[in-house]
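S.K.: Chains as they are written, first to last, in my numbering: chain A, 1 to 190; chain B, 1 to 372; chain C, 1 to 156; chain D, 1 to 108; chain E, 1 to 333.
Treat the hints with care, since some could be wrong.
In the BS3-like style, the derived pairs of lysine-lysine whose C-alpha atoms are separated by at most 25 Å in a straight line are [as the list claims (entries may be wrong)]:
| no. | chain 1 | residue 1 | chain 2 | residue 2 |
| --- | --- | --- | --- | --- |
| 1 | C | Lys124 | C | Lys152 |
| 2 | C | Lys41 | B | Lys190 |
| 3 | B | Lys293 | C | Lys124 |
| 4 | B | Lys203 | E | Lys313 |
| 5 | C | Lys61 | C | Lys124 |
| 6 | C | Lys24 | B | Lys296 |
| 7 | C | Lys61 | C | Lys97 |
| 8 | C | Lys24 | C | Lys41 |
No lab work stands behind these hints, which were simulated from the structure alone.
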Amino acid sequence: MNIMDTINSMLPGFLTADGLAGIADEAAGVVFLIMCAITLIGGVIACNSERLVRAVAGLAVCFVGVAALYYYLNSPFVAMMQILIYVGAVCITIAFAIMLAAPEENKKHGPAGPLSGPLGLIAAGLATIGMIGLALKTDFIAMPKVNMGSVKLIGVELLTTYSMVFELVSIVLLIAIIGSLVIARHGRSK
Amino acid sequence: MSGPIHIRKDETFTLNVGPQHPATHGVLRVKMEMDGEYIVKAETVLGYIHRMHELMGENRTYPQVLPNLSRLDYLGAMGYTHGHVLAVERAAGIEVPERAEYVRAIMVELNRVASHLFWFGAFVMDLGGFTPLMYAIEDREYILDMLEAVTGSRLTYCYFRFGGLYNDVDDDFVNAARAFIPRMRKSLKKYDALVTGNIIFRKRLENIGPISAEMCRKYGATGPVARGAGIDFDVRKNEPYSVYPEFDFDVPVYHECDSLARYKVRMDEMEQSLRIIEQGLDKLPEGPIMPKKKPKLIKPPKGDYYQAVETARGSFGIRIVSDGTKNAYRFKLRSPTYSNMSLFDEACEGMMIMDALAMMGSLDLVIPEIDR
Amino acid sequence: MGAYFSEIFLGLWSLLIGLGITFKEFFKPVVTVPYPFKTIKMSDRYRGHIELVEDESGEPKCIACMMCQRACPSGCISITTKTEKYEVEVDGEMKTKKRKILIGWDLNFTTCSLCGQCVESCNKDAINFSKEYNLASFNKEDFHFDLLNRLKERNS
Amino acid sequence: MSMLNLHNSLTTYLVLAAILFGMGVYGLVTRRTLVGMLIASELILVASSINIMAFNRFTAPDPTIGQIFSLFIMAIAAAEAAIGLSITIAVYRNYKSVDTEDLVDLNG
Amino acid sequence: MDLTIFNAVIAVVIAIAFAAANAAYLVLAERRGAGRIQRRPGPNVNLFGILQPPCDGIKLMTKQLMIPGGADKALFMVAPVLAMAPAIMSFVTIPFSDTIVAHSMNIGVLMIFAFASFGGMAILLAGWGSRNKYGVMAAVRAVSQNISYEVPMLITVITVVMMTGSMDLREISLSQSGGIWNWNIFPISMKDGFMLQPMMPISFLIFFICSLAETNRAPFDLGEAESELVAGFHTEYGSMGFGLFFMGEYANIVIGASLITILFLGGWDCPLGLYPGVWWFLLKIYLLIFSFIWIRWTFPRTTIYGLLNLSWKILIPISLFNLLLTAGLLKVF
Chain A
1 MNIMDTINSM
11 LPGFLTADGL
21 AGIADEAAGV
31 VFLIMCAITL
41 IGGVIACNSE
51 RLVRAVAGLA
61 VCFVGVAALY
71 YYLNSPFVAM
81 MQILIYVGAV
91 CITIAFAIML
101 AAPEENKKHG
111 PAGPLSGPLG
121 LIAAGLATIG
131 MIGLALKTDF
141 IAMPKVNMGS
151 VKLIGVELLT
161 TYSMVFELVS
171 IVLLIAIIGS
181 LVIARHGRSK
Chain B
1 MSGPIHIRKD
11 ETFTLNVGPQ
21 HPATHGVLRV
31 KMEMDGEYIV
41 KAETVLGYIH
51 RMHELMGENR
61 TYPQVLPNLS
71 RLDYLGAMGY
81 THGHVLAVER
91 AAGIEVPERA
101 EYVRAIMVEL
111 NRVASHLFWF
121 GAFVMDLGGF
131 TPLMYAIEDR
141 EYILDMLEAV
151 TGSRLTYCYF
161 RFGGLYNDVD
171 DDFVNAARAF
181 IPRMRKSLKK
191 YDALVTGNII
201 FRKRLENIGP
211 ISAEMCRKYG
221 ATGPVARGAG
231 IDFDVRKNEP
241 YSVYPEFDFD
251 VPVYHECDSL
261 ARYKVRMDEM
271 EQSLRIIEQG
281 LDKLPEGPIM
291 PKKKPKLIKP
301 PKGDYYQAVE
311 TARGSFGIRI
321 VSDGTKNAYR
331 FKLRSPTYSN
341 MSLFDEACEG
351 MMIMDALAMM
361 GSLDLVIPEI
371 DR
Chain C
1 MGAYFSEIFL
11 GLWSLLIGLG
21 ITFKEFFKPV
31 VTVPYPFKTI
41 KMSDRYRGHI
51 ELVEDESGEP
61 KCIACMMCQR
71 ACPSGCISIT
81 TKTEKYEVEV
91 DGEMKTKKRK
101 ILIGWDLNFT
111 TCSLCGQCVE
121 SCNKDAINFS
131 KEYNLASFNK
141 EDFHFDLLNR
151 LKERNS
Chain D
1 MSMLNLHNSL
11 TTYLVLAAIL
21 FGMGVYGLVT
31 RRTLVGMLIA
41 SELILVASSI
51 NIMAFNRFTA
61 PDPTIGQIFS
71 LFIMAIAAAE
81 AAIGLSITIA
91 VYRNYKSVDT
101 EDLVDLNG
Chain E
1 MDLTIFNAVI
11 AVVIAIAFAA
21 ANAAYLVLAE
31 RRGAGRIQRR
41 PGPNVNLFGI
51 LQPPCDGIKL
61 MTKQLMIPGG
71 ADKALFMVAP
81 VLAMAPAIMS
91 FVTIPFSDTI
101 VAHSMNIGVL
111 MIFAFASFGG
121 MAILLAGWGS
131 RNKYGVMAAV
141 RAVSQNISYE
151 VPMLITVITV
161 VMMTGSMDLR
171 EISLSQSGGI
181 WNWNIFPISM
191 KDGFMLQPMM
201 PISFLIFFIC
211 SLAETNRAPF
221 DLGEAESELV
231 AGFHTEYGSM
241 GFGLFFMGEY
251 ANIVIGASLI
261 TILFLGGWDC
271 PLGLYPGVWW
281 FLLKIYLLIF
291 SFIWIRWTFP
301 RTTIYGLLNL
311 SWKILIPISL
321 FNLLLTAGLL
331 KVF
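Bound conformation, chain A alone:
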């Protein structure tokens, strides 16, 4: 991860002005490739970095890339929410956890299970290859769109069709906040 990546990761927000309409297709394609690279680089840092703080930084980069992908998938709203929630909340929460609970970053780990690394690689590789194969082989049938999926429609759907889910998710969030407060507060008398 370097400075240019961070700057680049900011770019698509305005380069793809009205969705993808106004901009030359090539430019959009180039930016898309850059974004894919950023996502993957971020992911690699996130799952492979020795230092956990760097892993979180990589995760943030990855999320920015994913937000760009969402932009390309015609949903800027979800892209912005992705940045707002993942970078602004989840990554910061994890970084907090690291600061509060992992003082010795460079602690030498004892000998891992000798096969853990290769096994992980094999498991992950198999899953990935399987899914990629599926994705390449299957012929997905596109259905005609019934609407444009605007922000307004999302809101309407959330409060009508999915109101039950919406409420449940709210309750889950509430319980999560209260629960985490209870767990984390436990044992601190001040």
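Start from chain A and add chains B, C, D and E according to the hints.
M.R.: Chains B, C, D and E alone, transformed into the frame defined by chain A:
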């Protein structure tokens, strides 16, 4: 996992506040054992600008030590030289003309106001507000200009002499001092509205940094620190010296024991000092400023002498053991801030670092005076 | 509940008062002196570094009695003299007498604490304070003043 | 298909999501600390989210549904991170470590 | 809007130039303002100190970039960029007038908040990356502050968005056009029929306080509490690393002021509804920035718990109540 938390060694970390730190106002180091934002244990490390004033006092003649005394506390230098001249005069039996005594009292009180003003500004700056410092300095400059016109220097005056003064005050000074009093009263009102009433300021000081009367007695804290803890002790009233019995003034005492109480004591003290200056200017007698006969060489008779004065920071004591020669045999300075600072270690345990540093500000530290 | 709202209200009010004060100050004239462009005149009693006083003939009044050197707490004054024999007529006959001649009056200003004890101890009023305060240098040596030289330069 | 037209094809997104998923699985298996595992699981969640969004864009008739579901995933991820954080801290308080090797009280 | 990539780049460059120029000259404005409040002139050499910002910039740029031993070098270098870049990016969607906007988005409000959330990450990485205890403590403080003030801020924004029915900053601003009585800050508006929002002045106050807190300005500058934590998260930063943090802070201030102007003060609308235009917008944001400066040089710093109490015990309940009330009133009228 319930119950009180047991802080283990590996959960805490050490934070060095100082020797170079904006909150310590000098080269003071406080080694803090921190648990997050909370202080588990604090250890004050002194001596970074120790200059052996006491030993100098034993090696130099009495007049030669005089300039050293103003280097103890560069903000309230008059009070410290006052202590020295009073001690030597008592030891050597030198009479002081009345006019000199009055001028001394006026000078010390002016200097006290200047010192408190600077403390006020620095304290608010410790809390993050920068502007009151500038206003305070503006008023302080007025005092310093007056003092400079009389004594010739702005900070380390060396103005008192054994038996009197270095030179006399003139009408300009008296007029300026008279003009200063209403001006300062107006400024005090401004500070009250700008700072004392401010909700953020009050929230930061109310019930923060408790220093109880017992703790003050245990560590020998004096001055505004003790008076903020409800101890009604002021050397000017309790062990009167110079012409202080002639003046009518109150000793502000607050019983809240928190940082705000110490703040209020100092703000009220400025008002009381203004009263003293007012009365001193009214009563200022004509006459000489040096005694007619003054010993050429000061050799106090054999003995042990102690003189305490109330400086801006508390009770400053000076002990001179004389063996009859022109040098002191033992020269001991009891500096108030040293005692006031020594209770910091105990008082700040369990506090948050912000509050602890606010409390440190409320102690009114002048580091050279601690280290001597 | 009432206390909750009254605290918010009073707190806001106190903040507004503070803002009002600083706003008033905003329009008052500045009180500082823009230093390098303007300087202030020092008061008559200002104690700068010491300098020698000359008599009517332009010679230093100092008689090298060493009182100031002894009085100085910091030992920053060093006076060098030489003894000179001279003849004087006393009661009609010539006698050889010795006298001290001042050949150097050095002030080490780096250690001077400006206490004024030297000026006070001088019986001949041969030294007083200068009004100089613009003293700055990168070299320590620049503060070793040769006061005799300074006197000469001032006179010339 | 040209390289520059990849963003208009469903397969690109699916492949990308698969790789991210693989990274997440790899991280989950090899990471030795709780926080590291949390990070890896976030990657897995994001991969599934990309899948949903991709199908939503290219095949689903109503493109709102996918967006709504990815919003739900975000909410769940936030909840998960909060809970994970507090559990990590609680574990750290108890064991003075967040290394999974040290958390072996139930090993028998 | 027919936006070619060339136009987009030009617009973005202009936005960035505006942000950078503002960041540079607001430092001067701040110092001059502070000077006047404290009865001193401030930087005043060569025509009111007009060359001060370039000189500061040159000084910062020519200084050596020191990386403390034991620091995480990558994070240390990335953090300042992460603080500066998103702040400048947010300018892209801010409408300065009806026509002057780099790129109008239909979710502009959301975009600004999304980019603002990078700030917390930057502070966290800066504090942790520089391996300084003061830095870490300040970073933790600043981030908890940022997170807790984002909540009332977003709730307040939602009330405004609810009233307007759009998240497009340009539309929000346009909906208030026609004079001072139509602005969102006033409790009663007559723009389309009778509308009553009795809590709007309080909302404005809440939003104002929150934007002070979000930009880490005094009295909420706990992240860089210089009398306690030396310089907070940028204790170890010198040269342009520090410069970027500094510019980012001022860029954030401009964004905060613009957001307040657009959401509550009618954007580029003239108070009398006569000649709306970019000058009104600029006048409003600079007045707001002046009040930011004015507040900074008047008040002492709050404590961390006082700060969190203010957010959770006062601002959030009031803004939630405001949200409910506005929703109810919108339904009634």
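S.K.: Confirm or reject each hint.
M.R.: Against the structure, the hints come out as follows:
About 19 Å separates the Cα atoms of C/Lys124 and C/Lys152, which keeps this hinted pair within 25 Å; it holds. A C-alpha spacing of about 30 Å is found between C/Lys41 and B/Lys190, which places the hinted pair above 25 Å, so the restraint is violated. For a cut-off of 25 Å, the pair hint linking B/Lys293 to C/Lys124 stands: about 20 Å separates their Cα positions. For a cut-off of 25 Å, the pair hint linking B/Lys203 to E/Lys313 stands: about 15 Å separates their Cα positions.
For a cut-off of 25 Å, the pair hint linking C/Lys61 to C/Lys124 stands: about 7 Å separates their Cα positions. Simply put, C/Lys24 and B/Lys296 have alpha-carbon atoms about 57 Å apart, too far for the 25 Å limit, and the pair is violated. Proposed proximity of C/Lys61 and C/Lys97 is supported: the alpha carbons are some 20 Å apart, at most 25 Å. For the proposed pair C/Lys24 and C/Lys41, the alpha carbon gap of about 30 Å is over 25 Å, so the pair is violated.
Checked against the numbered hints above, the structure breaks hints 2, 6, 8 and satisfies the rest.
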